[in-house]
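Let the hints inform the model, and build the full structure from the sequences given.
Chains A and B, in that order, give the protein sequences. The letter at position 186 of the first sequence is residue 186 when you use the working numbering, and the numbering goes up by one with no holes. The letter at position 204 of the second sequence is residue 533 when you use the working numbering, and the numbering goes up by one with no holes.
No lab work stands behind these hints: they were computed from the structure. For glycine and all other residues, C-beta sits at the position ideal for the given N, C-alpha and C. Among these hints, one or two may not hold up.
[Claimed, not checked] Just some of the chain A residues that point at chain B, by a computed CB distance under 8 angstroms: (1) I31; (2) I36; (3) I93; (4) K112; (5) V116; (6) Y117; (7) F127; (8) E128; (9) I140; (10) M147; (11) E154; (12) H311.
[To be verified] Here are the simulated distance ranges between beta carbons: (13) S279(A) <-> K363(B): 36 to 42 angstroms; (14) L348(B) <-> K256(A): 31 to 37 angstroms; (15) E498(B) <-> S46(A): 33 to 39 angstroms.
[To be verified] Dumping the calculated DSSO-like pairs for lysine-lysine here, alpha-carbon to alpha-carbon at most 30 angstroms: (16) K173(A) <-> K438(B); (17) K651(B) <-> K562(B); (18) K34(A) <-> K502(B); (19) K438(B) <-> K112(A); (20) K240(A) <-> K438(B); (21) K109(A) <-> K438(B); (22) K176(A) <-> K112(A); (23) K569(B) <-> K441(B); (24) K176(A) <-> K378(B); (25) K594(B) <-> K569(B); (26) K651(B) <-> K264(A); (27) K176(A) <-> K322(A); (28) K176(A) <-> K502(B); (29) K332(B) <-> K378(B).
Protein chains: 2
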Amino acid sequence: MVKTHPMWNDFPNVQASLLECLELIIEKTTIENKEIEQTVIDLIESQGKLLRPAYFLLFSRLGNATQDAHKRITSAAASTEVLHLATLIHDDIIDESAMRRGSETVQSKHGKDVAVYTGDLLISVYFELLADATDSVDIIQLNTQSMKRVLLGEINQMTNVYNTDITYEDYLKSIKGKTAQLFELSCYEGAYFGQCDPEIIGQSRSIGQNIGIAFQMLDDILDYTQTPESLSKPVLNDVKQGIYTLPIILGLETHKEAFLPLLKKGEQLSESDLAALVSLLHETNCIERAREIAKSYSDKALASIDTLPSHPEKDALYSLTKTLLTRHY
Amino acid sequence: MVKTHPMWNDFPNVQASLLECLELIIEKTTIENKEIEQTVIDLIESQGKLLRPAYFLLFSRLGNATQDAHKRITSAAASTEVLHLATLIHDDIIDESAMRRGSETVQSKHGKDVAVYTGDLLISVYFELLADATDSVDIIQLNTQSMKRVLLGEINQMTNVYNTDITYEDYLKSIKGKTAQLFELSCYEGAYFGQCDPEIIGQSRSIGQNIGIAFQMLDDILDYTQTPESLSKPVLNDVKQGIYTLPIILGLETHKEAFLPLLKKGEQLSESDLAALVSLLHETNCIERAREIAKSYSDKALASIDTLPSHPEKDALYSLTKTLLTRHY
Numbered sequence: 001m002v003k004t005h006p007m008w009n010d011f012p013n014v015q016a017s018l019l020e021c022l023e024l025i026i027e028k029t030t031i032e033n034k035e036i037e038q039t040v041i042d043l044i045e046s047q048g049k050l051l052r053p054a055y056f057l058l059f060s061r062l063g064n065a066t067q068d069a070h071k072r073i074t075s076a077a078a079s080t081e082v083l084h085l086a087t088l089i090h091d092d093i094i095d096e097s098a099m100r101r102g103s104e105t106v107q108s109k110h111g112k113d114v115a116v117y118t119g120d121l122l123i124s125v126y127f128e129l130l131a132d133a134t135d136s137v138d139i140i141q142l143n144t145q146s147m148k149r150v151l152l153g154e155i156n157q158m159t160n161v162y163n164t165d166i167t168y169e170d171y172l173k174s175i176k177g178k179t180a181q182l183f184e185l186s187c188y189e190g191a192y193f194g195q196c197d198p199e200i201i202g203q204s205r206s207i208g209q210n211i212g213i214a215f216q217m218l219d220d221i222l223d224y225t226q227t228p229e230s231l232s233k234p235v236l237n238d239v240k241q242g243i244y245t246l247p248i249i250l251g252l253e254t255h256k257e258a259f260l261p262l263l264k265k266g267e268q269l270s271e272s273d274l275a276a277l278v279s280l281l282h283e284t285n286c287i288e289r290a291r292e293i294a295k296s297y298s299d300k301a302l303a304s305i306d307t308l309p310s311h312p313e314k315d316a317l318y319s320l321t322k323t324l325l326t327r328h329y
Numbered sequence: 330m331v332k333t334h335p336m337w338n339d340f341p342n343v344q345a346s347l348l349e350c351l352e353l354i355i356e357k358t359t360i361e362n363k364e365i366e367q368t369v370i371d372l373i374e375s376q377g378k379l380l381r382p383a384y385f386l387l388f389s390r391l392g393n394a395t396q397d398a399h400k401r402i403t404s405a406a407a408s409t410e411v412l413h414l415a416t417l418i419h420d421d422i423i424d425e426s427a428m429r430r431g432s433e434t435v436q437s438k439h440g441k442d443v444a445v446y447t448g449d450l451l452i453s454v455y456f457e458l459l460a461d462a463t464d465s466v467d468i469i470q471l472n473t474q475s476m477k478r479v480l481l482g483e484i485n486q487m488t489n490v491y492n493t494d495i496t497y498e499d500y501l502k503s504i505k506g507k508t509a510q511l512f513e514l515s516c517y518e519g520a521y522f523g524q525c526d527p528e529i530i531g532q533s534r535s536i537g538q539n540i541g542i543a544f545q546m547l548d549d550i551l552d553y554t555q556t557p558e559s560l561s562k563p564v565l566n567d568v569k570q571g572i573y574t575l576p577i578i579l580g581l582e583t584h585k586e587a588f589l590p591l592l593k594k595g596e597q598l599s600e601s602d603l604a605a606l607v608s609l610l611h612e613t614n615c616i617e618r619a620r621e622i623a624k625s626y627s628d629k630a631l632a633s634i635d636t637l638p639s640h641p642e643k644d645a646l647y648s649l650t651k652t653l654l655t656r657h658y
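Listed below in structure tokens is the structure:
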């Protein structure tokens with residue numbers, strides 16, 4: 001029985017549509033190979049937050065689309081989650097991560113072969129859902145460009161691994177690609193498929209981008225402030241793998257001499273080194289400063305949402321964004 | 330300087346168009362990350378046979394398309410090679426292959442991370458080239474289904490690894506997906522984009538499928554009859570990895586008791602075991618029988634090509650297919 005993350009209990013309308021998206025994803029990934037089919041079902045049942053289709057659906061409801069568009073909206077909304085799942089699975093191959101969302105990762109449980117093919121299968125399903133949703137090749141092309149930008153963000157992050165000269169601009173470029181791009185696409189496509197007024201379509205992209213940036217920054221901050229239990233995933237993993245995110249980058253900017261000796265240990269960072277690093281981040285105010293920067297992006301997103309024309313679903317969009325960007329999980 | 334495989338020196342018209350496809354692929358994969366960009370260039374320069382775009386181009390020339398369609402034809406023809414390259418790179422991650430086309434594989438040279446992302450980037454470029462080539466979402470959808478079938482063929486092969494009860498039907502199903510599907514698509518799309526008469530479009534799929542099946546069977550036979558030097562890749566690799574192809578399957582069908590003791594050694598097969606296996610394949614006539622089966626498919630393809638309406642490029646199509654399916658390289 002497919003369920004959504006409990007956060008959606010407070011948004012029953014969105015929840016019902018998200019369940020339709022999940023059922024469609026399972027239908028489209030039903031194949032003869034039961035191991036791969038089950039891999040997708042396990043991922044779906046691990047109750048990710050479904051933020052990309054949720055933002056798609058919320059924007060779509062601000063528009064003038066009639067019931068006729070329902071199937072297309074479900075299909076295109078589902079496609080955003082499918083691309084997200086594909087990138088998660090392929091990222092876990094690269095990170096050699098053992099855990100994701102409180103469960104073993106696909107590659108840890110089923111091996112690299114299943115992980116590579118399941119990711120590839122999901123990319124084909126991503127374009128299949130899009131082609132089911134639209135007669136416009138321009139929308140397909142928009143998605144190929146978005147997928148490319150997501151990958152370039154990931155690749156940019158990979159290039160900067162263990163780079164202690166990484167700048168805030170490098171970081172922003174990576175997260176605009178790897179995370180914000182898909183939020184931007186989801187908000188825009190929601191507005192497009194929901195046949196919103198041009199002014200909403202026009203604002204949808206930058207709202208999505210600001211939400212995506214704030215979301216990733218917050219995620220990166222939580223990696224230094226939460227426990228594995230509260231996040232259902234390991235913490236302090238990025239730094240060991242040489243992925244320096246916002247708090248560390250702020251530390252390197254202002255207290256490079258203090259951070260370098262720890263960072264230079266690379267993969268050899270011990271538990272006590274990690275504890276020292278976390279203390280240092282707090283002492284140098286990096287966590288607090290990172291929170292302020294993240295807040296500046298979430299404030300921008302909320303301010304833009306606030307200017308959208310009045311609509312019952314606008315409040316849901318605002319309150320979801322507010323909750324999401326002040327979360328501790 | 331991009332060059333094609335020397336086999337195309339005998340087909341200068343096709344060669345010129347193939348070079349345009351390669352240049353377009355390089356253009357579309359020009360990105361800021363030089364390692365990944367170079368990875369694609371290296372693959373292109375390793376001079377694969379470019380069979381999929383070649384069949385696309387040959388079929389397109391049997392049609393009525395004018396010069397106006399030239400760019401679209403180049404773009405769609407290039408897309409078939411790009412999907413092929415993406416699957417090669419991802420397959421090498423799974424096989425942990427060290428060599429391909431006489432060069433180190435992407436993952437062996439650059440690591441798994443570059444291999445995963447380069448494959449994914451190529452999948453996005455595949456759909457980008459298609460979206461550049463057509464206004465028809467149906468063509469995009471045809472490609473999502475083809476890509477899915479290619480993957481299902483690969484997945485089916487993975488499922489049967491070390492399965493000594495594998496049947497000829499299992500094998501045929503795998504190669505129809507993993508290889509023949511893309512030949513079928515290339516011939517069909519060539520006929521479609523070249524605006525061929527309906528009778529040619531109608532035959533293009535089955536010609537492509539028969540060529541693809543014969544091509545893969547021949548490839549699998551060469552693995553047991555050639556040297557690493559003549560093929561520019563390692564030989565006898567499949568059987569160690571538990572991938573039982575046509576010759577072995579014929580052996581298991583008729584002389585199971587003779588093959589089982591060797592196959593049961595799995596990854597532990599020594600050089601002398603492999604030599605014994607090759608001798609056994611010859612003694613039990615499996616190589617010869619496999620050649621006959623492959624020939625039945627190439628004969629079907631050639632007979633269908635023969636029935637196509639008379640056209641200067643028809644002879645090139647026939648002679649390429651004849652050469653390709655009787656090759657020893």
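Do the hints match the structure? See the list:
1. I31: holds (6 angstroms)
2. I36: holds (6 angstroms)
3. I93: holds (6 angstroms)
4. K112: holds (6 angstroms)
5. V116: holds (5 angstroms)
6. Y117: holds (5 angstroms)
7. F127: holds (5 angstroms)
8. E128: holds (4 angstroms)
9. I140: For I140(A), the interface hint holds, since the closest Cβ of chain B sits about 5 angstroms away, which is under 8 angstroms.
10. M147: Holds: closest Cβ of chain B sits about 4 angstroms from M147(A), inside 8 angstroms.
11. E154: The hint holds - E154(A) has a Cβ within 8 angstroms of chain B, the shortest such distance being about 6 angstroms.
12. H311: violated (30 angstroms)
13. S279(A) <-> K363(B): 36 to 42 angstroms: holds (38 angstroms)
14. L348(B) <-> K256(A): 31 to 37 angstroms: At roughly 50 angstroms between Cβ atoms, K256(A) and L348(B) fall outside 31 to 37 angstroms, so the hint is violated.
15. E498(B) <-> S46(A): 33 to 39 angstroms: With Cβ atoms ~36 angstroms apart, the hint holds.
16. K173(A) <-> K438(B): holds (27 angstroms)
17. K651(B) <-> K562(B): holds (23 angstroms)
18. K34(A) <-> K502(B): With Cα atoms ~17 angstroms apart, K34(A) and K502(B) stay inside 30 angstroms; holds.
19. K438(B) <-> K112(A): Roughly 18 angstroms between the alpha carbons, so the hint for K438(B) and K112(A) holds.
20. K240(A) <-> K438(B): Roughly 23 angstroms between the alpha carbons, so the hint for K240(A) and K438(B) holds.
21. K109(A) <-> K438(B): holds (26 angstroms)
22. K176(A) <-> K112(A): Holds: K176(A) and K112(A) sit about 28 angstroms apart, inside 30 angstroms.
23. K569(B) <-> K441(B): holds (22 angstroms)
24. K176(A) <-> K378(B): The hint is violated at about 38 angstroms.
25. K594(B) <-> K569(B): holds (9 angstroms)
26. K651(B) <-> K264(A): violated (60 angstroms)
27. K176(A) <-> K322(A): Roughly 20 angstroms between the alpha carbons, so the hint for K176(A) and K322(A) holds.
28. K176(A) <-> K502(B): It is violated: about 42 angstroms lies between the C-alpha atoms, which goes past 30 angstroms.
29. K332(B) <-> K378(B): Roughly 11 angstroms separates the two Cα atoms, so the pair holds.
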